[in-house]
Each structure stands twice: as structure tokens, then as C-alpha cells.
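S.K.: Next come the chains, spelled out residue by residue.
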Amino acid sequence: MPTHLHTQELPARYSLHGLVTRLLRLRPRTTTLIAATTLLLIVLMALFAPLIATQDPTALSPTSRLESMSAAHWLGTDAYGRDLFSRVVYGAQVSLAVGVGVAFLTVLIGLPLGLLAGYFRAIDAVLMRFMDGLMAIPGILAAIAIVSLTSANLWTLMIAITVPEIPQIVRLVRSQVLATREEAFVEAAVLMSTPTRTILWRHLMPNTFAPLIVQCTYVCAAAILTEATLSFLGVGLSSEIPTWGNIMSDGRTYFQLQPSLIFCAGLLLSLCILSINLLGDAARDSLDPVMKRKEG
Amino acid sequence: MSTQDPVLHVDALVVETTDKTPKQILKAVSFEIHAGETLCLVGESGSGKSVSSLTTLGLLPPGSLRATSGRVLLDGEDLLQATPKRLIELRGSRMAMIFQEPMTALNPVLTVGKQLDEVLACHTQASGAERRAQVLDALEQVHLPDIQRMYTSYPHQLSGGQRQRIMIAMALLLKPRLLIADEPTTALDVTTQHQILKLIRELQEKHGTAVLFITHDMGVVVDIADRVCVMNTGVIVEQGPVNQVLSSPREAYTRRLLTAVPSLTPRPPRPERGPRRVLDVAELAKEYGVSKRLFNGWRKPRTGTRAVNDVSFHLLEGRTLGIVGESGSGKSTLARCVMRLIDPTGGTIRINGQDIADLHPRGLKPHRGRIQMVFQDPYRSLNPRITIGQSLIEGPMNYGKPRREALAQAEELLQLVGLPPDAIDRFPHQFSGGQRQRIAIARALAMEPDVIVADEAVSALDVSVQAQVLALFDDIQKRLGVSILFITHDLRVAAQICDDVLVMQRGQVVEYGPAQQVLGHPQASYTRQLIAVAPGRSWNFAAFAPAS
Numbered sequence: 001m002p003t004h005l006h007t008q009e010l011p012a013r014y015s016l017h018g019l020v021t022r023l024l025r026l027r028p029r030t031t032t033l034i035a036a037t038t039l040l041l042i043v044l045m046a047l048f049a050p051l052i053a054t055q056d057p058t059a060l061s062p063t064s065r066l067e068s069m070s071a072a073h074w075l076g077t078d079a080y081g082r083d084l085f086s087r088v089v090y091g092a093q094v095s096l097a098v099g100v101g102v103a104f105l106t107v108l109i110g111l112p113l114g115l116l117a118g119y120f121r122a123i124d125a126v127l128m129r130f131m132d133g134l135m136a137i138p139g140i141l142a143a144i145a146i147v148s149l150t151s152a153n154l155w156t157l158m159i160a161i162t163v164p165e166i167p168q169i170v171r172l173v174r175s176q177v178l179a180t181r182e183e184a185f186v187e188a189a190v191l192m193s194t195p196t197r198t199i200l201w202r203h204l205m206p207n208t209f210a211p212l213i214v215q216c217t218y219v220c221a222a223a224i225l226t227e228a229t230l231s232f233l234g235v236g237l238s239s240e241i242p243t244w245g246n247i248m249s250d251g252r253t254y255f256q257l258q259p260s261l262i263f264c265a266g267l268l269l270s271l272c273i274l275s276i277n278l279l280g281d282a283a284r285d286s287l288d289p290v291m292k293r294k295e296g
Numbered sequence: 001m002s003t004q005d006p007v008l009h010v011d012a013l014v015v016e017t018t019d020k021t022p023k024q025i026l027k028a029v030s031f032e033i034h035a036g037e038t039l040c041l042v043g044e045s046g047s048g049k050s051v052s053s054l055t056t057l058g059l060l061p062p063g064s065l066r067a068t069s070g071r072v073l074l075d076g077e078d079l080l081q082a083t084p085k086r087l088i089e090l091r092g093s094r095m096a097m098i099f100q101e102p103m104t105a106l107n108p109v110l111t112v113g114k115q116l117d118e119v120l121a122c123h124t125q126a127s128g129a130e131r132r133a134q135v136l137d138a139l140e141q142v143h144l145p146d147i148q149r150m151y152t153s154y155p156h157q158l159s160g161g162q163r164q165r166i167m168i169a170m171a172l173l174l175k176p177r178l179l180i181a182d183e184p185t186t187a188l189d190v191t192t193q194h195q196i197l198k199l200i201r202e203l204q205e206k207h208g209t210a211v212l213f214i215t216h217d218m219g220v221v222v223d224i225a226d227r228v229c230v231m232n233t234g235v236i237v238e239q240g241p242v243n244q245v246l247s248s249p250r251e252a253y254t255r256r257l258l259t260a261v262p263s264l265t266p267r268p269p270r271p272e273r274g275p276r277r278v279l280d281v282a283e284l285a286k287e288y289g290v291s292k293r294l295f296n297g298w299r300k301p302r303t304g305t306r307a308v309n310d311v312s313f314h315l316l317e318g319r320t321l322g323i324v325g326e327s328g329s330g331k332s333t334l335a336r337c338v339m340r341l342i343d344p345t346g347g348t349i350r351i352n353g354q355d356i357a358d359l360h361p362r363g364l365k366p367h368r369g370r371i372q373m374v375f376q377d378p379y380r381s382l383n384p385r386i387t388i389g390q391s392l393i394e395g396p397m398n399y400g401k402p403r404r405e406a407l408a409q410a411e412e413l414l415q416l417v418g419l420p421p422d423a424i425d426r427f428p429h430q431f432s433g434g435q436r437q438r439i440a441i442a443r444a445l446a447m448e449p450d451v452i453v454a455d456e457a458v459s460a461l462d463v464s465v466q467a468q469v470l471a472l473f474d475d476i477q478k479r480l481g482v483s484i485l486f487i488t489h490d491l492r493v494a495a496q497i498c499d500d501v502l503v504m505q506r507g508q509v510v511e512y513g514p515a516q517q518v519l520g521h522p523q524a525s526y527t528r529q530l531i532a533v534a535p536g537r538s539w540n541f542a543a544f545a546p547a548s
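Protein chains in written order, with the UniProt record's numbering: chain A, 1 to 296; chain B, 1 to 548.
One or more of the hints may lead you astray.
Unchecked claim - Short, incomplete list of chain B residues facing chain A, as computed with Cβ under 8 Å:
id, residue
1, Met339
2, Lys365
3, Met373
4, Phe375
5, Asp377
6, Arg380
7, Ile386
8, Thr387
9, Gly395
10, Arg443
No wet-lab data here; the hints were simulated from the structure. C-beta atoms are modelled at their ideal positions from N, C-alpha and C, and glycine is treated no differently.
Required output: the full structure, derived from the provided sequences and hints.
M.R.: Given below as C-alpha cells:
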């Protein structure tokens with residue numbers, strides 16, 4: 001009885017398959033949810049730092065150095081007697097500001113450059129060689145050099161981190177423009193005497209947004225990490241200002257005495273970057289036209 | 001096994017999507033193919049003809065489609081019950097497939113010989129020398145020249161026709177009982193298509209293979225089918241011997257499909273509207289790869305490829321000129337030169353008497369509006385991120401038309417091309433291919449041009465939609481008196497819409513004259529050959545009878 005066989009055999013094979021498919025479909029959603037919640041908590045912590053922090057994060061207290069966790073100091077104190085909990089809470093401000101600021105700045109500079117490079121051959125030839133040169137310098141090294149030229153404040157720090165990140169945004173936008181400009185609707189616009197700036201603005205730019213959003217999240221995460229690295233190396237913001245990198249840098253010497261000095265800031269840094277990257281992945285999955293076609 | 005038993009018997013096959021709300025893609029499809037017989041599955045896009053063949057091969061995309069009931073019997077063995085391992089055994093040895101695009105079906109980094117050899121190595125115990133002999137024999141059978149060289153060639157070194165021959169050789173290597181051919185000639189030129197169809201016929205007769213041939217082209221059906229299954233939205237509308245279905249179709253759908261096939265007989269000549277030459281092209285040339293450097297002293301001047309060579313023609317107001325040729329004939333390059341999307345290297349292009357061939361982009365602007373273009377792929381010719389209205393008013397507003405007037409005009413144009421006025425606020429993805437092509441025509445008309453250049457504008461459309469869009473071109477020409485430069489590879493389409501025809505081959509004009517003369521009494525041998533290989537030439541679809 002072939003029909004009988006059919007009803008028995010197929011579901012068995014397909015049920016396992018179906019489960020895997022369902023798991024695969026479900027997993028991004030839950031992880032995305034967790035990532036979004038984590039990031040939201042960190043953002044809220046940064047926004048309401050004055051309310052959450054129990055003490056002034058910069059207040060020195062030589063008498064209570066390296067205390068362990070207590071009611072007065074939830075996470076203990078550092079080598080100068082500053083309250084670690086308050087410092088970690090305030091540290092989120094700098095990290096997020098740098099992350100968002102750098103992502104914004106790279107797009108602000110990279111998007112127009114990429115559009116121009118993708119559309120005008122002459123600009124492309126010159127600009128992309130410059131970008132190639134920039135990419136050849138390690139990002140951290142370039143950032144250190146830029147910071148060393150000026151005094152380290154939040155703005156110079158953001159610019160120092162932005163510059164090495166620009167080439168990848170330019171390359172991404174350029175490649176999108178190169179593909180889109182061959183589309184018939186762009187040629188139709190040329191034939192209708194649409195001014196070049198309108199072609200760039202209306203027909204080419206919106207078609208770069210999907211990959212750009214995804215790339216932005218990665219730039220944001222990378223910037224937060226770079227800022228922490230710079231602070232840790234001692235070339236970032238002044239060590240009085242609470243940043244996660246500074247906290248870890250200060251705690252390095254007393255790590256064996258009091259692991260929480262490095263552990264708390266490190267954990268938050270990892271969580272923050274992980275959740276931003278996960279959100280980026282989720283954005284990529286939902287924006288990728290190929291993935292969408294598979295579902296639909 | 002008696003000869004009466006069919007090689008392939010598809011019985012009440014149902015294929016559904018695997019979504020939460022399953023949709024039936026195939027609704028109880030049944031057909032059978034006997035040895036030595038060719039069954040054509042013919043239908044428009046979305047009819048389910050390709051899904052039928054994929055189910056047979058066990059190649060349905062997992063996770064999106066699955067067979068829920070019915071049987072697919074290959075020599076009595078149900079393929080829906082077969083294990084994946086058994087299916088792999090069967091594919092190649094008992095059934096084989098050739099695809100539309102042979103380039104993607106062949107591995108680009110292995111020689112042809114190696115790939116054919118691999119098929120034998122996987123399925124037989126033959127020694128290396130035996131395998132080589134068999135492969136060379138197979139290459140011989142598909143009439144490839146210089147088979148020793150072919151054996152060591154890589155796919156990119158071969159032409160499209162040669163690659164498809166290789167695919168056929170590969171498919172027939174293990175002498176399968178069933179050959180599935182899914183639009184195997186759609187990507188090929190008519191001349192090559194003709195040869196490939198002949199080859200499939202010949203090999204089938206020699207080996208007694210059963211062939212399941214999938215196509216959208218009624219002309220191809222006439223040339224290859226023994227029996228026909230007409231499919232529409234997952235249902236077999238009608239099946240029977242090819243002559244019976246073509247001469248006395250029982251179903252209205254089949255009738256509609258057949259009458260939509262344009263006839264090869266040119267349309268009766270129309271009176272001229274006026275003597276005004278709206279487009280006058282003289283000695284136009286486009287050469288690629290010429291070095292433009294100023295300092296070229298010690299190098300020999302390079303001679304480039306001449307994509308368009310010394311082409312001259314003119315277009316009177318309200319007339320249609322067809323430019324016909326196979327791929328690589330330079331017809332699209334010609335169109336792009338005329339539009340000044342690329343710069344010609346020589347000759348003149350006069351629009352209403354004004355030469356635009358050497359105009360600087362800024363000087364070009366006043367003349368851009370006079371000549372507009374409709375592109376081949378309706379899915380790429382509209383910006384997906386702006387509304388239809390925005391697309392339609394862009395051109396007129398570039399020329400200073402106030403927004404409100406441009407919008408009013410856009411609404412009128414949408415009506416003219418047969419779309420509801422509320423289409424203006426919708427986005428391209430909400431429309432079908434045929435509707436999008438109507439919008440693209442409306443966009444061209446919004447500039448109130450004297451000439452519309454249609455570059456393969458109906459080639460991507462299903463035959464019934466194609467007929468509607470052709471009728472629309474005819475209609476707007478009657479109403480607005482616009483001239484059309486119609487570029488096509490399809491002689492049937494050219495015969496239906498053109499007053500004059502220009503045949504191109506390798507960048508040069510082979511023949512140029514009134515359609516009646518060029519298509520009815522061709523002088524050049526190339527034109528005669530093109531007409532001779534046009535698929536389905538032996539059948540008059542509109543009359544449901546063989547062509548006289």
C-alpha cells in the first residue's frame with residue numbers, strides 16, 4: 001500500500017527536519033530579544049547614571065582604599081577609594097557616547113564619500129587609493145597617533161576612532177552604488193535629465209541603507225572596544241573620568257587583591273558589545289533580500 | 001516490462017508550500033510519458049511546470065515545498081518513497097536533466113572531459129580508458145567539433161550552444177530512460193535553439209529516451225512535442241497529441257494561449273503619417289577597446305571591437321522600426337548609442353534634424369525629452385523605493401513642469417496605459433511584470449517624446465501579457481503619433497509591430513526595408529536563415545492549422 005507507506009514515512013522524516021527549521025527560526029528571535037533588553041538596560045543606566053550611582057564617581061577617599069563589597073560600596077572601592085559601582089555606572093555614558101558618536105560620524109563622512117566614489121570614476125581613482133592607504137594602518141595605532149597630536153577629550157577621541165573606521169563604510173557604500181547605478185531605473189533617470197545630485201540622493205542613496213545599518217552596528221561595537229582599549233593603554237580620556245577602559249586600567253595592578261576591579265567593567269563591556277553585534281546580525285537577517293525571499 | 005508501460009507516470013501529484021498556511025502549487029497533476037516520446041509541459045510563469053520536474057527529480061527545495069500526496073512512478077518505482085541515496089543512484093543512471101543556463105550547471109574550474117568522466121566514475125565500474133572512450137563517443141554524438149580539444153576545454157572557452165551540447169552529452173552518458181529538459185533553449189539564440197532541438201530529437205530517436213520537455217514557447221512545442229500538457233496555476237488544463245491540442249483546443253485557456261502567439265506573417269503595411277524624419281541615424285559606429293591616450297608614441301594603435309559598424313537608418317513620425325538580430329549583433333549597443341547612454345565613436349544621430357551624437361551632457365538636455373526608452377526587465381526599471389507617481393513626475397518636473405500639473409498628467413497617463421488612477425500612490429512591488437512595463441511606458445510618455453526606444457521591452461513577459469503590451473504600443477502610437485524604435489530578437493514580435501525592419505549581424509546592417517519585404521521576401525541569406533529557424537514556423541497559431 002504505497003499511500004499508507006507514504007503517510008507513515010514522510011512525517012517521521014519531516015518532523016525532525018521541521019524541528020530543526022523551527023529552532024533555527026526561533027533562535028534569532030529569542031537572542032535578539034535578550035540582546036535588545038540588555039542593551040536597553042545599559043542605555044538606561046547611562047541616561048540615569050546620576051540617579052543610579054550611589055556616590056560621586058570621582059570623589060577620592062584615601063581612607064577607604066580597596067575595600068571589598070559592602071552596603072556603602074556595593075562593588076567595593078578602587079586604589080584611590082573611589083566607589084566602583086558609581087564609576088562603572090558612569091562609565092556606560094562614555095562608552096555609549098563614543099559608540100553612537102563614532103557610528104554617526106563615520107556615516108556622515110563615509111556615506112557621501114562612498115556615493116561620490118561609486119558614481120564618479122575620477123573621484124573613485126583618487127579617493128579609493130587614499131582609503132586603501134588608510135586601511136593599511138592598524139586602527140588602534142592610527143587612533144593613538146591622532147590622540148597624541150592633540151589633548152584627549154571626548155571629541156578628539158571620537159574623531160581618532162572614526163578616521164580608521166571610515167574606509168570600510170566608503171567601500172561598502174561604493175560597492176552598493178556600483179551595483180545600483182547599472183539598474184535600468186537609474187539609466188531612466190539619466191534619460192529624463194535628472195540632475196546628478198538628485199540621482200545620487202533619490203535613486204542611489206536609499207538603496208545603500210540596508211547594508212549600511214548593519215555595518216553601523218559593527219562600527220558602533222568596534223568603537224566602544226577601541227575606546228576601552230585606548231583608555232586601558234593610558235592614551236584615552238584622563239584617568240579621573242570614569243570609563244570602562246580606565247577602570248580596568250586602574251584595577252590592573254590590584255587585580256589579584258580584588259578581581260571585581262576588572263571583572264565588573266569587563267563584563268559590562270562584553271555584554272554591551274555582544275548585544276550590539278547580535279542586534280546587527282538580526283538586522284542583517286531581516287534586511288537581507290535573499291533571506292527574505294527564502295522565508296516568503 | 002512491456003513496452004506499453006509508461007517510463008514516467010505522475011499520478012495525482014499534489015505539492016504544497018510548507019508555510020503555516022499551505023498553498024497548493026500543484027493540484028492533483030497527472031501525466032505519463034512512454035519510451036521514445038516527448039511530452040511538452042507548456043505554461044506561463046507560475047503555472048507549476050518547473051515544480052513538476054523538480055518533484056520528479058526529488059529536487060524540491062526543502063523547507064519551502066513538499067509533495068503531500070500522489071505518486072511519481074519511474075518504471076513503476078515510486079520516487080516520492082525513494083530514499084535520498086536511491087534518488088542519487090537514479091539521477092544520472094535512469095533519469096537526467098538539462099537546465100536553462102548551462103554555464104551555471106557546469107563547474108567552471110574543471111575541464112569538460114573531467115566533468116563527464118566523473119559521471120561515469122560515480123555510476124559505473126568502467127576503467128579510465130573505457131570511460132575516456134565513452135566520453136569521447138558522447139561528445140561525438142552531440143556533434144561537437146574537434147572532440148579531443150573539447151575534452152580538455154573549460155566551460156568558459158565554449159559558446160552557449162556548445163555548453164548546452166555538453167550538458168546533453170552528460171545527461172545521456174548513462175543512457176537514462178527519462179530526460180527532463182527545463183527550458184533548455186530559452187537562453188540561446190534562435191539558430192542555436194534550432195540546432196539543439198534537432199539534436200534532442202535525434203538522440204531521442206536513437207536511444208528511445210522518454211523526454212519531459214518544459215517550455216513557455218508554443219513555437220518550440222510545435223517543433224519538438226509528440227504530446228502536450230497545457231498547465232495553468234498548478235492544474236493541467238488540457239493534454240493530448242500535439243496536433244490535436246494545437247488544431248482543436250478544447251479549453252478556452254489553451255485557445256487564449258495559442259491566439260496570443262504572434263504570427264510570423266508581417267502586419268499589412270500602414271499608410272505613412274507624414275514625411276517628417278524624427279530620427280535619422282547615419283554611419284553610426286561604436287568601437288570598444290580603442291586606446292584614447294594622448295601619449296601613445298611607441299605603442300601600436302590598437303584596433304578595438306566594432307560593436308556597431310556603419311549603421312544608417314531613419315524613422316518617420318508615427319512609424320515603428322524593428323531592429324532584429326541575435327545576441328551579440330550589436331542591437332542593444334545601437335540603442336544605447338542612440339539614447340546617448342554610451343558615446344558613439346562615429347556617425348550622426350539626428351533627432352528632429354538636430355545632431356546629438358557629439359553633444360556635451362549639458363547641451364543634450366533639451367533633446368533628452370524627445371527620445372525616451374522602455375527597458376527589458378520590468379523588475380529593474382522602476383526604483384523600488386519611490387511611488388509610481390514620483391517616478392512618473394520626475395521627468396516632467398526636471399523640465400520645469402509644476403508638480404500639480406505633472407501629477408494630473410501622470411494620472412491621465414496611467415489611465416492611458418490601462419492602470420487605475422490610484423496606482424499613483426503605490427510602490428512598484430505591488431504590481432505584476434506586465435503592469436510594471438505599462439508604468440515604464442507611461443513614464444516614457446510623460447516626457448511627451450517623439451521617439452520611444454523599446455529595448456526587448458516584451459521579451460521578459462509571458463506570451464499573453466506580451467500580446468497586451470504590444471497592443472498597448474500600437475494603441476499609444478495611434479493616439480499620440482509617437483515613433484517607436486523596437487529592438488527585439490523575436491521575429492514574431494517584429495512581424496506584428498513593425499512597419500520597417502532592420503536586420504543586424506555582428507554590428508552591421510544585413511538587410512533593411514519594409515517589414516513585408518524583409519520578413520516576407522528576404523534577400524539576405526542571413527535573414528532567410530533566421531526566418532527558417534524561427535520556432536514553430538510550420539504552424540499558424542491564429543488559424544489553428546498548419547502554416548500554408
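S.K.: If a hint holds in the structure, say so; if it does not, say that too.
M.R.: Outcome of the hint check:
A least Cβ separation of about 6 Å between Met339 of chain B and chain A falls short of the 8 Å threshold, and the interface hint therefore holds. Below 8 Å, beta-carbon pairs count as interface contacts, and Lys365 of chain B has one with chain A at about 5 Å; its hint therefore holds. Among the interface hints, the one on Met373 of chain B holds; its C-beta lies about 6 Å from the nearest C-beta in chain A, closer than the 8 Å criterion. Satisfaction of the interface hint for Phe375 of chain B is found here, the shortest Cβ-Cβ separation to chain A being roughly 4 Å, below the 8 Å cut-off.
The beta carbon of Asp377 of chain B is positioned within 8 Å of a beta carbon in chain A (closest approach about 6 Å), and the interface hint is therefore held. Because the smallest distance between the Cβ of Arg380 of chain B and any Cβ of chain A comes to about 5 Å, under 8 Å, the interface hint for this residue holds. Among the interface hints, the one on Ile386 of chain B holds; its C-beta lies about 7 Å from the nearest C-beta in chain A, closer than the 8 Å criterion. The interface hint given for Thr387 of chain B is broken, as the beta carbon of that residue sits about 12 Å from the closest beta carbon of chain A, more than 8 Å.
The closest approach between the C-beta of Gly395 of chain B and any C-beta of chain A is roughly 3 Å, which is under the 8 Å cut-off, so the hint is satisfied. Annotation: interface hint on Arg443 of chain B holds; nearest CB of chain A at approximately 7 Å, less than 8 Å.
Hint 8 alone, counting from the list given before, is not met by this structure.
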